[in-house]
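There are 2 protein chains.
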Amino acid sequence: MSETRVVVEVMLKPEILDPQGRAVKGAFARLGFEGVADIRQGKRFELTIEGELTADRMAALETLAGTLLCNPVIEDYRIVSVEGAA
Amino acid sequence: MSETRVVVEVMLKPEILDPQGRAVKGAFARLGFEGVADIRQGKRFELTIEGELTADRMAALETLAGTLLCNPVIEDYRIVSVEGAA
Chain A
20 MSETRVVVEV MLKPEILDPQ GRAVKGAFAR LGFEGVADIR QGKRFELTIE GELTADRMAA
80 LETLAGTLLC NPVIEDYRIV SVEGAA
Chain B
20 MSETRVVVEV MLKPEILDPQ GRAVKGAFAR LGFEGVADIR QGKRFELTIE GELTADRMAA
80 LETLAGTLLC NPVIEDYRIV SVEGAA
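For the record, the sequence lines run as chains A and B.
First residue of the first sequence: 20, per our numbering; consecutive thereafter.
First residue of the second sequence: 20, per our numbering; consecutive thereafter.
Hints in this document: simulated from the structure, not taken from any laboratory.
In this text the structure is predicted, and so the values were computed from the model without any measurement.
Wrong hints could be hidden among the right ones.
The list cannot tell twin chains apart, which means a pair is met if one copy fits it or any two copies do.
As the list claims (entries may be wrong) - Computed list of lysine to aspartate or glutamate pairs in EDC-like fashion (alpha-carbon distance at most 20 Å, straight line): (1) Lys32 / Asp57; (2) Lys62 / Asp95; (3) Lys62 / Asp37.
Using the sequences provided together with the hints, build the complete structure.
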């Protein structure tokens, strides 16, 4: 049965302070890696979906990505990869 | 000054149970999106680095990605995107 693999990336909006990313940036400097201008931390979801992603299912996925997978007040999502697999 | 943008993706190793991904998969089903075979949740880091990423700095970045950004016992990392910007 065919499967479709989808990746959804969720990042804080650029104007929202990212304390996790800030902490990682501080750790880079303390560990001797200089010259880091910025680090932002986000989430990614790898979905394996049975069958094809029809237009209707893609629309439903967009809705879920924008409500369940991210908090639209402070986060943006991107559906970055949609590939069918045998 | 030139900047280099790097993305590091961190995912649980395939053999490690992913309770977050499992919870999201359950939510998809409850919300009416059927046919999800699997969902895995991971992290992504967007790094903006001043100047060029020389071979030495790339090696240092690999070390940090494999120790600071991920827990190598249960997670894999991938440096997926390295692009210079003006």
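Against the structure shown, which of the earlier numbered hints fail to hold, in ascending order?
No hint contradicted; all consistent.
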